[in-house]
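*Asks:* Chain by chain, the residues run as shown.
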Amino acid sequence: MDPLAALATVVALVAAATVLGFAWRSRQGRIRRLHGADAVSIDGVELTSTTLLQFSSEYCAPCRATARVLDELAQEHGIAHVELDVAERPELAARFGILQTPTTLVLDDSGHVRARIGGAVRREQLSAELTRISVAA
Amino acid sequence: MSRPAQIDPRGARFTAAITAVLLLVDVGLGLVGGVAATLAERAVQPAFLLLVVLAAIFVWSAAAGVARNPWSVVFRRLVRPRLKPPAELEDAAPPTFAQGVGAFVTLVGVALHLAGVPYALVIAAAAAFVAAFLNAAFGYCLGCQIYLLLVRTGLIRRTAAV
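Heads up: the protein sequence lines correspond to chains A and B, in order.
Per my numbering, the first sequence runs over residues 817 to 953.
Per my numbering, the second sequence runs over residues 2 to 163.
Just chain B, with the same shape it has in the complex (with noise of 0.2 Å):
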């Protein structure tokens, strides 16, 4: 199997956790705020804008790499050089598609809140949490489950490599 770019695993789990809390954070303004009358009014609500923020970080990542997603980043500068080496390197592959599923989910939400859906938004952001929650807390790989999927259904195949 192929083995493309690695990365700190602990990195990718730092970038999960802060998403997740963004994301926690967006559930709370989006039960506060409710739907908005006007597509105007919505389209300046606080949960709407963090969540268009968070989706754009999220496609970001997904095309750049999770090696660029900001909060990667900042994990690099400022919170790795205080750490020890890591005892092992991750593929950066799982991780920068678990970010595409993000930026699915939450563009979803998005389009929906615009459109007026009830709740669209909250759903959208709670079901994005808890896979960047399951991510950081638990290391369980939301994006690995979603590719397997695909492959089962029939949608992705790939032939063997000699």
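This is chain A alone, in the form it adopts within the complex (with noise of 0.2 Å):
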């Protein structure tokens, strides 16, 4: 290939990557709201209260930090926070289609998923959804 297109394809190249980034970038920290019909039961995760469900793993950078995030938010909102490590429940994993770490699900008293948000969450927007949740219960 001669240098010119060589260097049009590693500029496209570049270009590409940084059209993903910027996708999934866009994509972290979004809260779905979901409106299960069915309430979970969990094994091991006992739900007396609006719960915050985080599937962790050992290779993930931002799962601490969503961890102190989380804490933090469930001390404020007089909630729980449980934190599982999908090597330790591949079969939870499986069951929720965990496709990234970290993953939160927001259950409330009666078991329902209310919110799934897919990896490092936003603080203000998790602590805005958790407010309307306990309004609406």
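Worth flagging that the hints you see were computed from the coordinates, not collected in a lab.
Ideal Cβ placement from N, Cα and C applies to all residues, glycine included.
A few of these clues could be false.
As the list claims (entries may be wrong) - Pairwise CB distance ranges (calculated):
#, chain 1, residue 1, chain 2, residue 2, range
1, A, Arg884, B, Ala57, 33 to 41 Å
2, A, Glu862, B, Val54, 52 to 60 Å
3, B, Pro82, A, Leu836, 31 to 39 Å
What the hints assert, rightly or not - Cβ-to-Cβ under 8 Å is the rule here; a few derived chain A residues that face chain B:
#, residue
4, Thr825
5, Ala828
6, Leu829
7, Ala831
8, Val835
9, Trp840
10, Ser842
11, Leu908
12, Thr947
Make the complex out of the two chains shown on their own, each in a separate frame, by following the hints.
*Replies:* Here's what the structure looks like:
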């Protein structure tokens, strides 16, 4: 390939990767509201209050920061935060179709999944959503 | 969960950035050079030699830990002393695992290029570039994604820690 065409290809590669990066980042932490008809029960997790159920893994750069934010939000809102390792609970990862870590489910006190957040959570948005869920309950 | 060795996250991003630039150079060299006719010629093409060096660095960092990656060492010696302390540290495990993924992809490229497969080197270097670039510029962790995939397919399983 002549150098000019090679350069154009390299530039196109960088542009494509940049588009991919922005697309990925815009989806991170987005809150998806769910209206699960069935209450879920999870072995080893007691659902007595609204619960932030976080799926983490050993190889996960943003899981720790998310765990810290969810801990703080749980305290502020008087709710529970439970962190599970997908490698220890693969059946749950399969059941909830976990495709990235962290993934956070918001379960209400009756065990219905109310929201799902893929990737690192955005503190302010999730806090507002938790307020909305507790007011609606 | 166990919390292994800690690193400065900016060091990991710095390492990924240098790696991405070198891989991009390799893509360019590979496109210009193409695939030479004989094995002996292919083994001395610039794109091939650079990819061998990059693959060797990936293998070394995957085995010895990302903190011993040469670019991480450069960051610690030359860059970090000029920066403020990091807001928080990160686990070394995810980027080290990612170095292993990089090692796998670049070694496949090296082998297929030696075998004379057209564009194998360019595609391997481009794939590794995209992963390193997304990590450096956006904080995306491909290694983490692949680890989860291995868990989901049942290839990795751990018993619950008590």
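*Asks:* Does each hint hold? Answer for all of them.
*Replies:* Going down the list of hints, with the structure as the test:
Separation of arginine 884 of chain A from alanine 57 of chain B is about 37 Å and conforms to the stated range, judged on CB atoms against 33 to 41 Å. With their beta carbons about 54 Å apart, glutamate 862 of chain A and valine 54 of chain B fall inside the hinted range of 52 to 60 Å. Remark: the range hint 31 to 39 Å for proline 82 of chain B to leucine 836 of chain A is upheld by a beta-carbon distance near 34 Å. The interface hint given for threonine 825 of chain A holds, since its Cβ lies 6 Å from the closest Cβ of chain B, which is under the 8 Å cut-off.
Hint status for alanine 828 of chain A: violated, given a least beta-carbon distance of 10 Å to chain B, over 8 Å. For leucine 829 of chain A, the interface hint holds, the least distance from its beta-carbon to any beta-carbon of chain B being 6 Å, beneath 8 Å. Hint status for alanine 831 of chain A: violated, given a least beta-carbon distance of 11 Å to chain B, over 8 Å. Evaluation of the valine 835 of chain A hint against chain B yields a violated restraint, the C-beta minimum of about 11 Å exceeding 8 Å.
Because the beta carbon of tryptophan 840 of chain A sits about 6 Å from the nearest beta carbon in chain B, less than 8 Å, this interface hint is met. Interface restraint check: serine 842 of chain A against chain B, minimum CB-CB distance 11 Å, threshold 8 Å, status violated. Annotation: interface hint on leucine 908 of chain A violated; nearest CB of chain B at approximately 11 Å, more than 8 Å. The criterion of a C-beta within 8 Å of any C-beta in chain B is not met by threonine 947 of chain A, whose closest approach is roughly 27 Å, and the hint is violated.
Checked against the numbered hints listed earlier, the structure breaks hints 5, 7, 8, 10, 11 and 12; every other hint is satisfied.
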